[in-house]
Structure formats: C-alpha cells, structure tokens
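Visitor: Residue-level listing of the chains:
Number of protein chains: 2
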Amino acid sequence: MKTLLLSMEDVQKALSMKEVIDVVEEGYLAFHRGKVRQPEIVSIEMPENNGETDIKSCYNELNERISVKVASGFYNNGKNNNLPTMMGTILLYDGTNGALLCVMDGSLITGIRTGAAGAISSKLLARKDAATVAVFGAGGQARMQVEGLCHVMNLREVRVFSENRDELTGYQKEMEQQTAARVVVCNNPEETMAGSDIVITTTPAKTPYIHQSLVKPGMHIVAVGADMAGKNELDPAIFRGAKIVNDSIAQCVSRGETRNALMAGVMTESDIHGEIGQLLAGEKALRECENEITIFDTTGMGIQDNVTAVMVYERALQKGLGSVFQFM
Amino acid sequence: MKTLLLSMEDVQKALSMKEVIDVVEEGYLAFHRGKVRQPEIVSIEMPENNGETDIKSCYNELNERISVKVASGFYNNGKNNNLPTMMGTILLYDGTNGALLCVMDGSLITGIRTGAAGAISSKLLARKDAATVAVFGAGGQARMQVEGLCHVMNLREVRVFSENRDELTGYQKEMEQQTAARVVVCNNPEETMAGSDIVITTTPAKTPYIHQSLVKPGMHIVAVGADMAGKNELDPAIFRGAKIVNDSIAQCVSRGETRNALMAGVMTESDIHGEIGQLLAGEKALRECENEITIFDTTGMGIQDNVTAVMVYERALQKGLGSVFQFM
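Protein sequence lines, in the order shown, are assigned to chains L and C. Mapping to our numbering: the first sequence position 222 is 222, numbers consecutive. Mapping to our numbering: the second sequence position 66 is 66, numbers consecutive.
Simulated from the structure, these hints should not be mistaken for lab results. Each hint should be verified, as a subset may be incorrect.
Where chains are identical, the list cannot tell them apart; a pair therefore holds if satisfied intra-copy or between any two copies.
As the list claims (entries may be wrong) - Each computed EDC-like pair below joins lysine to aspartate or glutamate, with the alpha-carbon atoms no more than 16 Å apart:
hint, residue 1, residue 2
1, Lys35, Glu48
2, Lys206, Glu19
3, Lys35, Glu45
4, Lys13, Asp94
5, Lys13, Glu314
6, Lys128, Glu26
7, Lys13, Glu40
8, Lys123, Asp22
9, Lys319, Glu25
10, Lys173, Glu147
11, Lys206, Asp235
12, Lys231, Glu19
Start from the sequences and build out the full structure, keeping to the hints where you can.
Guide: Here it is, written out as structure tokens:
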C-alpha cells in the first residue's frame, strides 16, 4: 500500500487561492447538506510550553475521503529555536477501506483555507463597494486574508496594525508587492478602523482590542483569531444587532468569538443569522442594506481541510509531486 | 525539520512484547499520577462501508511527546481487496515545540500494546496457578493476547473458538509454533470455557455470546473486543459481584463492556474496583481470593500508544531504521 508524502513546497505547487476558494465553498455546502461527518475538535494544551495542539477530523461523503489534521501553535517558537509558530500535518484516508493515501504538510493549507473562508464571507456579506480593509495582526494569516480578498474584490487599501511592530515593515513591503493595494501601517486600532469597509482580526488576543465605538454602519467583520475559549478580539457589544454568520454554529458557540458575545449576554443563540453554507445555498439572506453591520465568525472546520487536502492530493498525483512511502 | 518515517516492518524490528509490557505499565502509572492529558476518543463511523475510524491522542508530561493515532477497522477488507481489516498511523510530536518527529505505521503497535494490557491485567488479577486460557476470536488480537500472556505466566493450554471457523486451523498451527502451549480448537463457547482460568474476548460481537453460567469462580476475564457503544461480548450479569478493573473508568463507562453492564442495571459505577494504574501503584487490592471472579475491561488508551510509539521511535533512531522526509 503506497502513501504519497507531500512537503510544504509540494503543497504550494499544487494549490492556488482561487481554487481553494472554490473548493471551500463546495465544502461549506456539503456540510450544510449533511454530507459531512465532522467530530468535535480535540484540543491538547501545553501551557508550560506556551503551546496547543488541535485535531480536526472529517469524513466527506462526496469525495469519500477522511481527513485528519493535527495543527499546533507553539508561541515561543522562533525565539527559542528556528521553528515556525504554527505547524500542521494532514493525513488523508480512503473512506471506503481505511487506506492511508497521503501524509502532507498542513501548515500552508490551514493558512490558505482560512484566507479563503474570509474571502467567501466578504463576497457574500461586505458592501459591493468595499475597497478598504483593516487588518489586525501582521503574521501569516494577515497575509492570507488579504490574498483571499484580492480574489473577490478590487482592494484599494490595507490598513494594518500589530502589537508586534517588528512585523509591520515586512508585511507592508510584501503585501504591496503581492497586491495592487496601498498598505498603510497604523499606530492604534482607532487609526486602523478609520474608513475601513472590512475588518479582519487575526491575533491570539485574550482581551478585546476593538471597541464598539470603532465599528461603523456598513462594516463587515471577519473574526478569525478567536478560535478557542479564552481568546477574544472584539468587544462583545459589537455583536448586538449585527448580522452574525458562523462557519459552524456548534463550533462558534463553543469556541469562537460568538461564544464571547453569548457569555457577555449581549445576544442569544437565536440571534445568529445562520451558517455560511446556508447563505451559499441561498437559504438565508446575504447583506440586506448598506448600513448593516455583518460579522463572520470562523473557528475553522475539518471540512475546509478535507476539500483542500483532497484537491492538493489530486493535483499532486497529476503533476507527479512528492515522494512515495510504503507504511505497510 | 526532519521527520522519521517507520513502516510496519521497521516498527516490528524496534519493539518486543516484553518491552511493550514494561512501558505500558509505566504509561498506566503516569495516567494514574495525572501526568497524562488524554482527550476523549474521536470516532467517525462509515456504516455504508462497514468501517470506522478512531483517533486517540495524548500528551505525556513524562516524555514530553504528543501522540496522535488514527486507527481504522474496515470489515469488508480482505474480501473486497487485499487490505487488512485493521490499519493505523501514529504521529509523534515534540510536545515542547510541535515539531513532527515521526510518522509510523500504527497497526502493529495497536495490536501489541493491547496484548500487553491483557497480560498486565492477568499478572495482577489471574490466579497464580492459571495455565489455561479461553480465547474468543482467532484474528490478530487473539494472537497478541496469547503472546502477551506467555510473558507473564506458564501457559499450558489455549482453548480457542471463532465464528469464522476458517481462521482456526491457521491460528492453531501458528500459536503452537510460537508458544509452548497446546492449542485446542473448540466448537462452542461452553467447550471453550470449560476448565479455563483466563477468558479473553476479542470479537466485534454486538450480542453477548458468553452466558453467565459459563463463568466459574476464580476466572479472570479480559474484555478486549467491546470498545465502543453497541459492541457486547459478555452477558452483563457476569459483572454482578465481580472485581471490575478498567483501564480508564471514563472510557469504559462510556464505551466499554462496563457500559453494557451499567446499562443493564446489574451494577453502578461505584461497583468498579478501580483503574489498572491504581493496582500497579499498590493503591487498590489485586486478587484477594481463589474464588473471586475478576474482569479487566480495556477500551485502549492514548497513553498506551504514546509510550509504545516513543519507545519505537527511540529504538529506531538507535538502530538506524526507517527513512527521513522533510515536510517543511
């Protein structure tokens, strides 16, 4: 039984943001149509090493593949060693017989499928004339979100803020090279939010740094960073009266930014407008007026990894990428 | 970052039942001492393909390794294709920084660490003069359990029964070659149980096939097969008045043979004598008299995979086994 091995470099050669946006949309729809068996996320925390490991698994009836992603964040990496903070591995199995088809690096896939999620939500929920984005955090995900946006709109300006100011120069340079947008480095959340149409939060913050007063009518917010209990980027009051869309209600309610708003008592679960798959299926309204505040809360779903990894695996086979190993 | 790849053959070269028994004992003790973070088992069922996949993960503070095992059982395999029914993969991570140290075949490890568990329980709970074992099922685990027993006692006779009679001749031949015991092929549970000191159940049965009347005073039962809701090999009445030991009470109560007895109302959770780690630590009594009926219910723990995989990884490095792949 032969298993394909794909390095991050192989994965990079096998995917593009545009295609990932397409397959993630298909994945959201499959989830909405009950074609996906997606167990609860498993988390192991290692606070003594400032680290955590999450396991997201999923069986997709439509492609008959089981995916298991093990993704970790070790926040002392880089300082103590030469390792990246975020790393991951994806195992892909044939769901008809359990054969291990592929072991691939999952670090890039996590980034790109999350960028795709933000882009899909902006396509559905941002104002049609949206052109300026406020980005919080200047790491990998802050890049991916902007890359995703560029595929669904004409982005004119990126306003970026990070507590870690060292990252900002590199971010500005890189994003100006990669996109047609002007990148403005800001000094605080107020400055960053000013004039923005879309707001993207990508930090691991545990206390909210975007006050309700900074959120203006018509904004679309993509809440990416808060993906487990304890993380919180947005003032919960922002959720009051907003159109709230989740990737998975079950997940966002238990570990997303939505959880923080529920716990703060500014909303109840019935105030959630719906899941993104419902919007894609045309079963729930998109943005209904120019002044509406919309929020997409994403905690990241196994199905996103599943459809992206399957696409990567198939492209890699076509292109002859990777190596083969016989585990048994 | 280099990752070691180990095939089943490499794994086989790197371990022995004797050593696995030792490390699994250490693992049970570590779990008992609160040194293990072991999330709930994740299960994905694919009844349309007569298959299931389980994910057992664990962080062991003592070796600072995270293990994630993905193990599947696809029960049409072999008939439809040339694949084994049970397959698995283990990922081993450095718990201080998230680096992927090793991807290894997990099929053999699952078998051998489960065999080790049965042997440990028999060493602690079977009568000192135990010499005859009744084995139900004649597959891989029926072999591993007997191999394990041979390391902790002088086994004179193996009495084996399987609904799948085709397996029995091969089993008899193989086990007589591998052990010093006489192997007797039996025609029904009554015949199998007659004169046995230890009883080992390894089938995926969903209805009990061992009636209470067949269980005699002094027997030790190792309940291996029933590891998820719906599986049931023992008449629940057997649990009434027996000394019941679990690998993990939380797991056995929710998915082991213990669950069936609880649901049948023949016992309550307070009737469980303890976890095997408590017995190993000397905090709970072992067998207290010749006539006692003892039951060890094992659903299989992430910590068993963890300690076994770490031993395999270290031995493989020492012996220069496996291949290296750079995922990132």
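Visitor: Classify it for me, Lys128 with Glu26: is the Cα-Cα distance of at most 16 Å met within a copy, between copies, both or neither?
Guide: neither (23 Å within a copy, 61 Å between copies)
Visitor: For Lys13 and Asp94, with the copy left unspecified, which applies at a CA distance of at most 16 Å: within, between, both, or neither?
Guide: Answer is neither: 23 Å inside a copy and 28 Å across each miss the 16 Å cutoff.
Visitor: Since the copies are identical, ignore which copy is meant and state whether Lys123 and Asp22 lie within 16 Å (CA to CA) inside a copy, between copies, both or neither.
Guide: within (12 Å within a copy, 58 Å between copies)
Visitor: If the cut is 16 Å between Cα atoms, do Lys13 and Glu314 qualify within a copy, between copies, both or neither?
Guide: within (12 Å within a copy, 34 Å between copies)
Visitor: How would you classify Lys13 and Glu40 at a CA-CA limit of 16 Å: within, between, both, or neither?
Guide: neither (31 Å within a copy, 36 Å between copies)
Visitor: My question is about Lys319 and Glu25: at a cut-off of 16 Å on alpha-carbon distance, are they close within one copy, between copies, both, or neither?
Guide: Cα proximity of Lys319 and Glu25: none, with 24 Å in one copy and 48 Å across.
Visitor: Between Lys173 and Glu147, at a C-alpha cutoff of 16 Å, which is it: within one copy, between copies, both, or neither?
Guide: within (14 Å within a copy, 63 Å between copies)
Visitor: Classify it for me, Lys35 with Glu45: is the Cα-Cα distance of at most 16 Å met within a copy, between copies, both or neither?
Guide: For Lys35 and Glu45, the Cα distance is within 16 Å only across copies (13 Å; inside one copy 31 Å).
Visitor: My question is about Lys35 and Glu48: at a cut-off of 16 Å on alpha-carbon distance, are they close within one copy, between copies, both, or neither?
Guide: between (39 Å within a copy, 13 Å between copies)
Visitor: Cα distance capped at 16 Å. Does Lys206 pair with Asp235 within a copy, between copies, both, or neither?
Guide: within (11 Å within a copy, 52 Å between copies)
Visitor: Given identical chains, is Lys231 near Glu19, meaning Cα to Cα at most 16 Å, within a copy, between copies, both, or neither?
Guide: neither (30 Å within a copy, 43 Å between copies)
Visitor: Tell me, please, which holds for Lys206 and Glu19 at an alpha-carbon limit of 16 Å: within, between, both or neither?
Guide: neither (33 Å within a copy, 45 Å between copies)
Hints 2, 4, 6, 7, 9, 12, counting from the list given before, are not met by this structure.
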